[in-house]
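Working from the sequences, and respecting the hints, build out all of it.
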Amino acid sequence: MTDHIPVLYHEVLDYLQPQPGGLFIDGTLGAGGHSAGILEATAPDGRVLAFDKDPEAIQFAGTRLSEFGERVILVNKSYADMPKTAPALGFDQVDGILLDLGLSSRQLDDGMRGFSFRYEAPLDMRFDQTQGETAADLVNNLTEAELTDIFWRYGEEKQGRKLARIIVANRPITTTSQLADLIEANAGKRQRRIHPATLVFQALRIAVNQELEAVEAGIPAAIDLLKPGGRIAVISFHSLEDRFVKRLFRQLSQTCTCPPEQPICTCNTQAVVKLVSRKAIQASAAEIESNPRSRSARLRVAEKLPSGS
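All residue numbers for the sequence shown refer to my numbering, where the first residue is 1 and numbers rise by one.
Treat the hints as calculated values from the structure; they're not laboratory data.
There's no promise every hint is true.
25 angstroms max Cα-Cα, derived BS3-like pairs, lysine-lysine [what the hints assert, rightly or not]:
hint	residue 1	residue 2
1	Lys246	Lys227
2	Lys279	Lys246
3	Lys246	Lys274
4	Lys158	Lys77
5	Lys279	Lys227
6	Lys77	Lys227
7	Lys227	Lys84
8	Lys227	Lys274
Okay, here's the thing in structure tokens:
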């Protein structure tokens, strides 16, 4: 099952370099595959603190990781809560942090969660189904202009304005099939061979779970928890997220932000990290063949610099 084949598994371990006794944070636990690999590599006394907003992921991975006992701590929160939660649990100077962004295979394959238009289900899309607005709430309550903004900002959907207008005219919309069928009937021909509802579903999921906001807050917070020489690895699954991560890493690795035409640096900006790989790391052909979902995965890694370097 794809649940048990973490994307870029070997690459993550190679770049995070887990050693016995190490402290690591898995900010997006999912099915627990990456955490299991880190725990095995840090035996006998290394520890992992793992976060996930999805209670079902915590339950599933908790069973899977039970063999590691007290070496693993699971927290049912967003990784954006790391600054408060991690130090209180003894994870304030860690060796490495992993963020595997987006949707897990388990969530996508659970037809009743509302993430996929392949299944008839309530239009939910929340990682944590106990709180927050659903995708149906957004679709049925936001204005045409607000929906247009979401479709472009989080999905880069070029027909966002048209689709938002059609959605508003056909509300209420409560199921995945209703929304997907409405888009398919009105979106027109696509140049790429993807379902016409793909980008709208992506945009709604990101908006519902405030995913980019979590990345923007979570990456700097994660770096603060690293010890000098510690590494942060981030896996993205679509170009929007990857560009976002690339830009954040680049900003944090800059030593000067003065205008290029200024002859002397006056900003006193210090680089916080160095880029371990300037290009994103991608899955091998063999991994893509065994797990097609890894095709779109992009891994970026940065290493924390000593202060004042």
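Here's how the hints hold up against the structure:
no. : hint            : verdict
1   : Lys246 x Lys227 : holds (21 angstroms)
2   : Lys279 x Lys246 : holds (9 angstroms)
3   : Lys246 x Lys274 : holds (12 angstroms)
4   : Lys158 x Lys77  : violated (34 angstroms)
5   : Lys279 x Lys227 : holds (24 angstroms)
6   : Lys77 x Lys227  : holds (23 angstroms)
7   : Lys227 x Lys84  : holds (17 angstroms)
8   : Lys227 x Lys274 : holds (14 angstroms)
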